[in-house]
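Asker: Hey, can you work out the whole structure from these sequences and the hints?
Residues per chain, in single letters:
Protein chains: 2
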Amino acid sequence: MSDQYEVHPHTKVVRGPNRASYNLTQIHDIIDDALICHVGTVVNGRPAMIPTAHWRVGERIYIHGASKNRILAAIADGAEACLCITHLDGLVMARSAFHHSANYRSVVIYGKGTVVSDDAEKMEHSRLFTEKLEPGRWDHIRHPNKQELKATMFLGFDLDQVSAKVRAGDPVDDDEDYDWSVWAGVLPCTTTWGAPVDDARIKPGFEGKGYQRG
Amino acid sequence: MSDQYEVHPHTKVVRGPNRASYNLTQIHDIIDDALICHVGTVVNGRPAMIPTAHWRVGERIYIHGASKNRILAAIADGAEACLCITHLDGLVMARSAFHHSANYRSVVIYGKGTVVSDDAEKMEHSRLFTEKLEPGRWDHIRHPNKQELKATMFLGFDLDQVSAKVRAGDPVDDDEDYDWSVWAGVLPCTTTWGAPVDDARIKPGFEGKGYQRG
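Residue numbers (this note's numbering), protein chains in the order written: chain A, 293 to 506; chain L, 293 to 506.
In short, the hints are calculated from the structure, not lab data. Check before you lean on any hint, since a few could be wrong.
In this list, chains with the same sequence are indistinguishable; a pair is considered to hold if it fits within one copy or across any two.
Said to hold, decoys possible - Pairs of lysine to any residue, SDA-like flavour, derived with a Cα cap of 20 Å:
{"no.": "1", "residue 1": "Lys501", "residue 2": "Asp469"}
{"no.": "2", "residue 1": "Lys501", "residue 2": "Val464"}
{"no.": "3", "residue 1": "Lys404", "residue 2": "Val335"}
{"no.": "4", "residue 1": "Lys360", "residue 2": "Arg307"}
{"no.": "5", "residue 1": "Lys304", "residue 2": "Thr482"}
{"no.": "6", "residue 1": "Lys304", "residue 2": "Cys481"}
{"no.": "7", "residue 1": "Lys442", "residue 2": "Ser393"}
{"no.": "8", "residue 1": "Lys404", "residue 2": "Gly337"}
Answerer: Take a look at the structure:
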C-alpha cells in the first residue's frame, strides 16, 4: 500500500499547494488528534453542516448521531458529504496585513457515507468511540441497549478522496517589509484539558477519580 | 430591535431543542470568541468546505481569502453558504455509553454572501481582521496595497438565518443508571495561548515583544 493518498481532481489543493499533503500517516494523525469534525452535505439543494465527534478505524472515519438528524439522514440516503477536521495551532503575525495567516493542520474528506446497520457492529463502534474519549472506560459503563442502538445512526466514510493542508512556522513577509518596526512571529495556541469535574450526583467513592486527558 | 433572532424553518433546532438559542448576545459572543469558522457551500452540486478566519461587525459576519478560491468564488457567484462556529468546552462522561456527550457552544448561519467590492471598505475590513488578532496592531504594520486588495475577496453574511446550540454541565443519565460503579462528570477543555514565538528574522529591539493573547 502506498504511503500517499491518490490525488483526485477535487482533492487537489489548488490554493497554497505548497501546504498540501496526501501523506497517510500525517492525515491519520490530524484526524486522530481531533475529537470533533464538521460534516457538510446538501439537503434539498442547500448546504447544511453540523459539528460532531468522529473516530477512525484504519482507512475509514466514523461519526454517529440521532437516526432522525436531517443531515445524517440525507447522507444515509446517498447525499455526498464533506468532512473537515481543523486544528488551529497559532496566529501568524507578519509585518504586512496581507501576510497575516494562521498555523493549522486540516483535513478534508469527500465521499458518500455507509450506514452501519448490524447491531454487533454498532455496539463495537460505541466501544471504539467511548475508548477514544477514555481508554478502558467501556469495561465500566452500561452498554447501549437495543432501543439506544436503534436511535443511533453510525456512518462510515472511506479515506480515499482526502487531502490535508498544513501551515507551520514563521510569517513569510515580502523581502522589503522585514525592516518594519513591529513585532513579528507566531502566537501559538493549543487545546488544554482541565481537571475533571465530578458530576453533582457522583457515586460515593468515585469523587476525584476522573480521567485526566493529556 | 428584538434580542432574539427570528426562527426560520431551517434554523429551527429540531434535535435537542432544549439546547437551542436564538439570543443575539449569546450568538454574538459565540462568534466573537472564535477565530475560525467552517464555511460550506455547494460547488457543481457537491458539498465543499473550508476552515477560515472570521470577524463580526454588528449583524454581519465576514470572511476573506484568495479571490480565486473556488468556494469563495462560488459564494460570490450566488451559491448559498452555511457557516458553522464551534467551541468544544468539554467531554461529558456518563454512566451509560448512550449518554456520553460533549459540552459545546456552536452557531450555524445560513445565507448568501455579499462581496465587498469597494477598496476603502476592503481596507477597513483588513483593519478589523488585524485588530481582532491583536488590538492596536493596525497602526504598526504595512497596509494592503492595491494589488493585495485585488487578490483578496471579502464576503459578508447577514446574521438573520442563525441559530445556536449550547450544552453545558453534568451528564444526564437514566435514573436507574446512577448507581453504576464508574466515575461520571465533565473533562473540561479550553484553547490556551502560549508565549509568543519571535520570528527568526525579528527586527532587533523587538525580541520578546509579542502580544500575549488572554
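Asker: Next step is simple, just say for each hint if it's right about the structure.
Answerer: Checked hints:
1. In this homomeric assembly, Lys501 and Asp469 come within 20 Å of each other (Cα to Cα) only across copies, at 18 Å, whereas the closest approach inside a single copy is 54 Å.
2. Taking the closest pair of Cα atoms, Lys501 and Val464 come within 20 Å of each other only across two copies (19 Å); inside a single copy the shortest separation is 47 Å, beyond that limit.
3. Proximity of Lys404 and Val335 under a CA criterion of 20 Å is satisfied in both settings, with 14 Å inside one chain copy and 16 Å between copies.
4. For the identical chains of this complex, Lys360 and Arg307 are inter-copy neighbours only, at 8 Å across copies versus 37 Å inside a copy, given an alpha-carbon limit of 20 Å.
5. Taking the shortest Cα distances, Lys304 and Thr482 never come within 20 Å of each other, neither inside one copy (28 Å) nor across copies (33 Å).
6. Neither within a single protomer nor between protomers do Lys304 and Cys481 lie at most 20 Å apart by alpha-carbon distance, with minima of 28 Å and 34 Å respectively.
7. With identical chains, the CA atoms of Lys442 and Ser393 are at most 20 Å apart between copies only, with a shortest distance of 18 Å across copies and 45 Å within one.
8. In this homomeric assembly, Lys404 and Gly337 come within 20 Å of each other (Cα to Cα) both inside a single copy, at 16 Å, and across copies, at 14 Å.
When held up to the earlier numbered hints, the structure conflicts with 5, 6 and fits the remainder.
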